[in-house]
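Undergrad: Work out the full structure: start from the sequences and follow the hints.
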Amino acid sequence: MMIVAGQSQSAYFLEEEFPATERSHTLSVLVDNEPGVLARVVGLFSGRGYNIESLTVSEIEHSNHQSRITIVTTGRPPVISQIMHQLGRLIPVHKVINLTWAGDALERELALVKVAGKGEMRDEALRLAQAFNARIVDATLDSYVFEMTGAPADIDRFVGLMKECGLVELARTGLAALARGKMGI
Amino acid sequence: MTRQMTGAEMVIQALIDQGVDTIFGYPGGAVLPIFDELFQQEEVRHILVRHEQGAGHAAEGYARSTGKVGVALATSGPGATNMVTALTDALLDSIPMVCITGQVPTTLIGTDAFQEADTVGITRPCTKHNWLVRRIEDLPAILHEAFRIATTGRPGPVLVDIPKNIQFQTGTYENCKDKALTQYHPAVKAPDAAIREAVELMAAAKKPILYTGGGVINSGPKAVALLRDLVKMTGFPVTSTLMGLGAYPASGKNWLGMLGMHGTYEANLAMHDCDVMVCIGARFDDRITGRIDAFSPNSKKIHIDIDPSSINKNVVVDLPIVGDVGSVLEDMIAAWNARKPVQDKAAHAAWWRQIDGWRARKCLTYRHSAEAIMPQYAIERLFELTKGRDTYIATEVGQHQMWAAQYYHFDEPNRFMTSGGLGTMGYGLPAAIGTQLAHPGSLVIDIAGDASIQMNIQELSTAVQHNAPVKAFILNNQYMGMVRQWQQLLHGNRLSHSYVDSQPDFVRLAEAYGAVGIRCSKPADLDDAIEEMIRIDKPVLFDCHVVSLANCFPMIPSGKAHNEMLLGTDVSDVDIGTAIGAAGKVLV
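From first to last, the protein sequence lines are chains A and B. The end of the first sequence is residue 1597 by this note's numbering, with every number in the run present. The end of the second sequence is residue 601 by this note's numbering, with every number in the run present.
Be careful, since some hints might not be right.
Here are the in silico distance ranges between beta carbons for each label pair [to be verified]:
| # | chain 1 | residue 1 | chain 2 | residue 2 | range |
| --- | --- | --- | --- | --- | --- |
| 1 | B | G597 | A | G1487 | 22 to 28 Å |
| 2 | A | G1487 | B | G594 | 45 to 51 Å |
| 3 | B | Q128 | A | R1460 | 57 to 63 Å |
| 4 | A | D1444 | B | G134 | 14 to 20 Å |
With a Cα cut of at most 27 Å, we get these calculated BS3-like pairs of lysine-lysine [unchecked claim]:
| # | chain 1 | residue 1 | chain 2 | residue 2 |
| --- | --- | --- | --- | --- |
| 5 | A | K1507 | B | K235 |
| 6 | A | K1507 | B | K190 |
| 7 | B | K192 | A | K1507 |
| 8 | B | K326 | B | K245 |
| 9 | B | K326 | B | K202 |
| 10 | B | K358 | B | K266 |
| 11 | B | K202 | B | K235 |
| 12 | B | K400 | B | K245 |
| 13 | B | K219 | B | K81 |
| 14 | B | K202 | B | K313 |
| 15 | B | K219 | B | K313 |
| 16 | A | K1507 | B | K202 |
Honestly, the hints are just simulated from the structure, not real lab data. If you're wondering where the values come from, they're calculated on a predicted model, not measured in any experiment. Quick reminder that beta carbons are idealized off the backbone N, C-alpha and C, glycines included.
TA: This is the structure in structure tokens:
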């Protein structure tokens, strides 16, 4: 399902049958990069009682000042569809697509993971980092910072293991996502 | 054509280029340059109000009664925050409105400067869109885009916040009235396949109903005319929301009256029992649907709306049609004429017989009194004595508003100014002033309650100053009647703070403002008093003393379905106390 500003958005032609269960959806929103646009999107979610599980925003085209906002939210299909239509009402929003409905989307997140320790645990942390393809971006005699990129579930597993190896702190970027195949937003 | 001018001059020039002749506002430090420009020209008339909320509602009244944009002007900080209620009101009722506010200079933004407020932050959720102008280069395009966004698609309020230094700066002005600044271009025309499918459903209907709303009036006179054509063509019965009253004439033979919580018995039961419902420019508000899982259980629902987010929001419909009401009705009528459907005459006749049976319940009957004025009687007399005239009605919010909707009958659109979605007490008097200034020769009456009228009573001074001879017809029952009615329904008749003690003497209050006061408390005197009110060419406060404990019926108690209405004639105090169940009590 895609909502494009200015095109007929008759739900009659766009909405297919979806399973009625609550699940998480990844929405990709193309917006004008202007002051307050993020506040409009976030305010819509809080004002109407929708959840935000993850939100990422960054300018993607400097020449025409466009940003892409990737939002992970949870709800039953009618709620998700209402969220998309409400996003579509915002003036700076160009397009809203539901990557979850579009199919098996590519979803990646970056995490920086700091662990501290010596001896056995330090060696174990390093071995696990290699197994998860995490890079060492900082090292001291008693600490590492790993950088890991992957699907959120893989990062969850890596972080879970690092808790046993002296995890100090963690920073995650939130989700960046694209549909597979040659078509763009 | 481009010209060099200051930001303040640009504001006035943009108003002129947009064809604005009247704005409503209040000066203050951060808008002084704009007021200075207003002072030096004669094309735009500025109406000085007494409170910024009044400016907002007056702009709304102006907009609703003319179909044009309403414009309000206020200073930074408190000026802007006082405007918030009016902006929210306009958002919920889809009223086109442009609000211009002053802001502290850009160099002071963020320093907690005197009269600084984060106006765009505060008004973001209560406007369709808003802007803080940071550069003089952006100002002309933003001003014109503000008008375009306020008026196209689903109309609504927009706000332009202009720092004082930008008002003083000089830049290049261009009339970019027809240029779009943003990519906002809502779809107007609906897909043909949807129109054809709607015509098929409507042609096969045995028990059809048209459920119309404010979207018909917002779409404009063409949509109103097309709705009337559609009714003539199909013979379908018509009901309407509060916001849509007048689109189909109340004197028309297919008219069922308003629907919803205080709608008529026939309208609500026809909604409940219909097999095809055509919702035209309405949004299935909770005041309309009652209990959602029992709402019109056996009907196919067609929903015409220009805002895709209205569709499937509260009620899942079978056939959504996204488009402008005028455009959709035009296509629908063309498709109907092309197909020339044969309707089931016998089924339609049976449906009308059923409707006539419901009509025979005469749900708006009330107990008359020879000693005291019944509020319903007061509205009936007001209608009878003003119906031949060029009359506009505004209301406040409460029982009097519902009685106005039930007993004052509108044959034309844009004649009824009322706060539907937000339910703003204090809306009516300033809205009536805005209406009167747009229609100087017309009779403009604010049907009010004694509590509501006091929420913006200061605007009486505005009416006097600007020779706006509005009539505030106050149904004075000494209560916040609708609050009391709900306390009777929900809270064991414990009337917590809904009795208004120490009321002002409205006649002397009117005189203090330089208006005229009239008091009436006997049914026998009412007609003469109303005639006198109409004759006076000045603002009038009409203090109509009505029985204090009358309640507003019919009523669908909250949490109940359309076929579970309370009717005024057969409801007892016990019924009132038990009408709402535990689940309904938490609803508003």
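Undergrad: Each hint should be assessed against the structure and marked as holding or not.
TA: Okay, the hints, checked on the actual structure:
The hint said 22 to 28 Å for the Cβ distance between G597 (chain B) and G1487 (chain A), and at roughly 26 Å that hint holds. Roughly 28 Å separates the CB atoms of G1487 (chain A) and G594 (chain B), a value that falls outside the hinted 45 to 51 Å. A hinted range of 57 to 63 Å for the beta carbons of Q128 (chain B) and R1460 (chain A) is inconsistent with their spacing of about 31 Å. Checked against the given bound of 14 to 20 Å, the beta carbons of D1444 (chain A) and G134 (chain B), roughly 18 Å apart, stay inside it.
Pair hint K1507 (chain A) plus K235 (chain B) does not hold up; C-alpha atoms about 31 Å apart against a cutoff of 27 Å. Of the supplied pair hints, the one linking K1507 (chain A) and K190 (chain B) holds, its CA atoms being roughly 25 Å apart against a limit of 27 Å. A threshold of 27 Å between alpha carbons decides the hint, and for K192 (chain B) with K1507 (chain A) the separation of about 21 Å falls inside it, so the pair holds. Proposed proximity of K326 (chain B) and K245 (chain B) is contradicted: the alpha carbons are some 31 Å apart, above 27 Å.
Between K326 (chain B) and K202 (chain B) the CA atoms are separated by roughly 21 Å; this keeps the pair inside 27 Å, and the hint holds. Simply put, K358 (chain B) and K266 (chain B) have alpha-carbon atoms about 17 Å apart, close enough for the 27 Å limit, and the pair holds. Of the pairs offered as hints, the one joining K202 (chain B) and K235 (chain B) holds, with about 15 Å between alpha carbons and a cut-off of 27 Å not exceeded. At most 27 Å may separate the alpha-carbon atoms for a hinted pair to count; K400 (chain B) and K245 (chain B) meet this at roughly 24 Å.
Pair hint K219 (chain B) plus K81 (chain B) does not hold up; C-alpha atoms about 39 Å apart against a cutoff of 27 Å. With a C-alpha separation of about 22 Å, the suggested pair K202 (chain B) and K313 (chain B) falls inside the 27 Å cut-off, and the hint holds. Our distance criterion of 27 Å between C-alpha atoms is met by K219 (chain B) and K313 (chain B), whose separation comes to about 11 Å. Using a Cα cut-off of 27 Å, the hinted pair K1507 (chain A) and K202 (chain B) holds, with the two alpha carbons roughly 19 Å apart.
Hint check: violations occur at hints 2, 3, 5, 8 and 13; the rest are consistent with the structure.
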